[in-house]
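Take these sequences, add in the hints, and give me the full structure.
2 protein chains.
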Amino acid sequence: MQGVIALALSHAILATLLDGPVSGYALMKRFNSAIGYFWQASHQQIYRELATLEHQGQVERMPTDGQTTTIRYALTEAGRSALTTWVMQPSEPGVMREDVLLKVRAGQLVPPATLLAELRHRRDLHAKRLLTYQELQLRNFSDPEHLSYEQCLHYLPLMRGVLFETENVHWCEQAIQMLENARQLQSGP
Amino acid sequence: MQGVIALALSHAILATLLDGPVSGYALMKRFNSAIGYFWQASHQQIYRELATLEHQGQVERMPTDGQTTTIRYALTEAGRSALTTWVMQPSEPGVMREDVLLKVRAGQLVPPATLLAELRHRRDLHAKRLLTYQELQLRNFSDPEHLSYEQCLHYLPLMRGVLFETENVHWCEQAIQMLENARQLQSGP
DNA sequence: AGCGGATATGCAACAAAGTGCATATTTACA
DNA sequence: TGTAAATATGCACTTTGTTGCATATCCGCT
Numbered sequence: 001m002q003g004v005i006a007l008a009l010s011h012a013i014l015a016t017l018l019d020g021p022v023s024g025y026a027l028m029k030r031f032n033s034a035i036g037y038f039w040q041a042s043h044q045q046i047y048r049e050l051a052t053l054e055h056q057g058q059v060e061r062m063p064t065d066g067q068t069t070t071i072r073y074a075l076t077e078a079g080r081s082a083l084t085t086w087v088m089q090p091s092e093p094g095v096m097r098e099d100v101l102l103k104v105r106a107g108q109l110v111p112p113a114t115l116l117a118e119l120r121h122r123r124d125l126h127a128k129r130l131l132t133y134q135e136l137q138l139r140n141f142s143d144p145e146h147l148s149y150e151q152c153l154h155y156l157p158l159m160r161g162v163l164f165e166t167e168n169v170h171w172c173e174q175a176i177q178m179l180e181n182a183r184q185l186q187s188g189p
Numbered sequence: 190m191q192g193v194i195a196l197a198l199s200h201a202i203l204a205t206l207l208d209g210p211v212s213g214y215a216l217m218k219r220f221n222s223a224i225g226y227f228w229q230a231s232h233q234q235i236y237r238e239l240a241t242l243e244h245q246g247q248v249e250r251m252p253t254d255g256q257t258t259t260i261r262y263a264l265t266e267a268g269r270s271a272l273t274t275w276v277m278q279p280s281e282p283g284v285m286r287e288d289v290l291l292k293v294r295a296g297q298l299v300p301p302a303t304l305l306a307e308l309r310h311r312r313d314l315h316a317k318r319l320l321t322y323q324e325l326q327l328r329n330f331s332d333p334e335h336l337s338y339e340q341c342l343h344y345l346p347l348m349r350g351v352l353f354e355t356e357n358v359h360w361c362e363q364a365i366q367m368l369e370n371a372r373q374l375q376s377g378p
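Protein chains in written order, with our numbering: chain A, 1 to 189; chain B, 190 to 378.
Worth double-checking, as some hints may not be accurate.
[Claimed, not checked] Quick list of in silico lysine to aspartate or glutamate cross-link-like pairs, EDC-like style, CA-CA up to 16 angstroms:
#1 128/A <-> 281/B
#2 218/B <-> 208/B
#3 317/B <-> 362/B
#4 317/B <-> 92/A
[What the hints assert, rightly or not] Quick look at which bits of chain A chain B covers, simulated, 3 or more residues with Cβ under 8 angstroms:
#5 28 to 41
#6 144 to 153
#7 180 to 186
Derived by calculation from the structure, the hints in this document are not laboratory data. Everything numeric in this text was worked out from a predicted model, so none of it was measured. All C-beta atoms in this analysis are idealised placements derived from N, C-alpha and C, irrespective of residue type, glycine included.
Right under this line is the structure:
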């Protein structure tokens with residue numbers, strides 16, 4: 001959005017490393033499950049980015065245990081300060097880029113049944129994601145009324161994910177109903 | 190997300206051309222205002238994409254009026270059918286990629302006041318966007334209870350935008366309150 | 001001992017998206 | 001009549017993301 005400091009995957013990686021050293025693989029797992037509600041990346045991207053970050057001195061390899069071949073990366077002071085700089089920087093919100101909205105907008109091109117099938121498919125998918133996030137929420141934050149400041153920092157992004165998927169399900173249901181309704185009124189009597 | 194047919198900007202352009210021929214500049218304007226709630230693109234991206242689409246025979250230049258230098262593009266049959274194919278194709282939802290969520294997660298690095306300032310800034314921004322969308326909604330759909338099928342196709346994506354920004358405002362407010370609360374409890378006695 | 005699946009890492013090529021720079025015309029208005 | 005803002009178009013470069021490929025280890029099961 002703005003020209004100064006953008007990037008993002010690198011920041012997502014650095015931020016995740018705040019919780020302690022991890023391997024590229026573990027990072028990938030987290031990105032595609034735990035924090036997948038606001039960031040995703042393939043393992044290839046992550047390994048490439050880790051290599052770049054290491055080259056820039058923002059992360060470093062931990063001494064291996066001798067046992068495994070797993071490479072664990074840790075934040076360096078430079079990485080920590082780069083991340084801090086980025087967090088301080090005010091920034092603009094991005095856009096949602098949901099192709100289903102585009103499909104609905106171009107929906108005149110396909111039979112209503114096709115569009116409705118897609119919407120039902122989406123609804124189920126979002127419902128499934130919602131369930132996953134809600135389980136995470138329950139498991140990790142059993143008492144959301146009494147969280148410390150630091151706990152809030154972890155709770156709030158997850159909460160955003162829950163809200164987002166709740167909305168998605170809700171919108172899909174509304175869309176299905178409106179379209180079915182309008183179709184019946186037009187084709188009907 | 191999936192390997193078959195992805196792309197997206199091209200489809201957003203083709204879909205917009207369904208409403209009639211437009212210039213690249215007008216397309217840019219629409220992307221960054223009217224339908225900005227689900228897609229955005231810079232003029233450079235749009236001109237490049239239009240050139241590609243023209244090369245592929247999916248759009249064509251309209252005869253100029255002789256008066257202006259403005260180039261207006263129209264959908265061709267090939268473009269229409271390419272778009273149809275894409276709309277038919279089932280697809281997976283993407284991820285939200287909100288950097289403010291990342292910033293909150295890494296919020297331990299900055300003073301609470303900084304984080305709270307950013308959240309208030311975001312709240313105001315989202316409130317402003319919300320207002321824009323709501324005005325669009327009022328102006329274009331005065332009676333949302335009685336829309337034709339085709340009108341629904343335009344109404345529903347806008348409605349998604351309204352819901353999204355409503356959520357954003359709501360989440361920001363909750364976040365501000367939770368963080369302020371937790372901070373007071375911890376710093377106080 | 002062999003097999004399959006999860007863990008773990010990485011390169012190379014390519015496609016898509018974003019940023020910076022450059023420029024010409026038109027329109028309103030002071 | 002100058003000038004500033006909006007309209008209008010585009011190239012070149014850089015960064016990000018995707019896809020296909022290649023490999024090696026570890027763990028549990030049979």
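Right, here's what the structure says about each hint:
no., hint, result
1, 128/A <-> 281/B, "13 angstroms, holds"
2, 218/B <-> 208/B, "15 angstroms, holds"
3, 317/B <-> 362/B, "14 angstroms, holds"
4, 317/B <-> 92/A, "13 angstroms, holds"
5, 28 to 41, "holds (count 6)"
6, 144 to 153, "holds (count 7)"
7, 180 to 186, "holds (count 3)"
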